[in-house]
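Peer 1: Turn these sequences into a full structure, and let the hints steer you where they fit.
Just so you know, this note's numbering puts 121 at position 110 of the sequence shown, and the rest follows in order with no gaps.
Quick caveat, the hints were computed from the structure, so don't treat them as lab data.
Since the structure is predicted, the reported quantities are computational estimates derived from the model, not experimental observations.
Since no wrong hints were added, every one of them can be taken at face value.
Calculated pairs, SDA-like style, for lysine to any residue (alpha carbon to alpha carbon, straight line, at most 25 Å):
| no. | residue 1 | residue 2 |
| --- | --- | --- |
| 1 | 41 | 106 |
| 2 | 109 | 95 |
| 3 | 43 | 122 |
Cβ-Cβ distance ranges computed for the label pairs, FRET-style:
| no. | residue 1 | residue 2 | range |
| --- | --- | --- | --- |
| 4 | 116 | 40 | 14 to 24 Å |
| 5 | 92 | 62 | 11 to 21 Å |
| 6 | 127 | 71 | 35 to 45 Å |
| 7 | 41 | 126 | 28 to 38 Å |
| 8 | 116 | 83 | 19 to 29 Å |
Note that beta-carbon positions come from the ideal geometry of N, C-alpha and C, so glycine has one too.
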Amino acid sequence: REEHATLTQEGAAVGTPAYMAPESVSSRVKAKPSLDVYGLAATLYHLQTLVSPYAGSPARIMAAVATRDPKPAARVRPGLPLDVQAILDHGLERQPEKRYPTTAAMEADLRSFLAFRPVSVRPT
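Peer 2: Below, the structure is given as structure tokens:
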């Protein structure tokens, strides 16, 4: 239903549009870690900013996911630590090969951040 922007439509790609990886919007892809990494990063983005990475109707969200990056979380929530922004940026990379290879790798950076240790990705 159009008023439920967080749900996919029948016959469409499976997933919640605002949390779907770009490659899953444009084609049917098999489950792989890069999809989970993107979804986890999108969820963390929502938790840090209190807004989802993309907003609007399902069609608008899927078009946005397929063509553009979300607004940087630090612009939505000023004062966000640079390392958190770097983790989000890396997890939300448009190209799967540039993302964390697994959710465990992303978890390791999140744990490092929480322990005041350097993270593997650096802010740009």
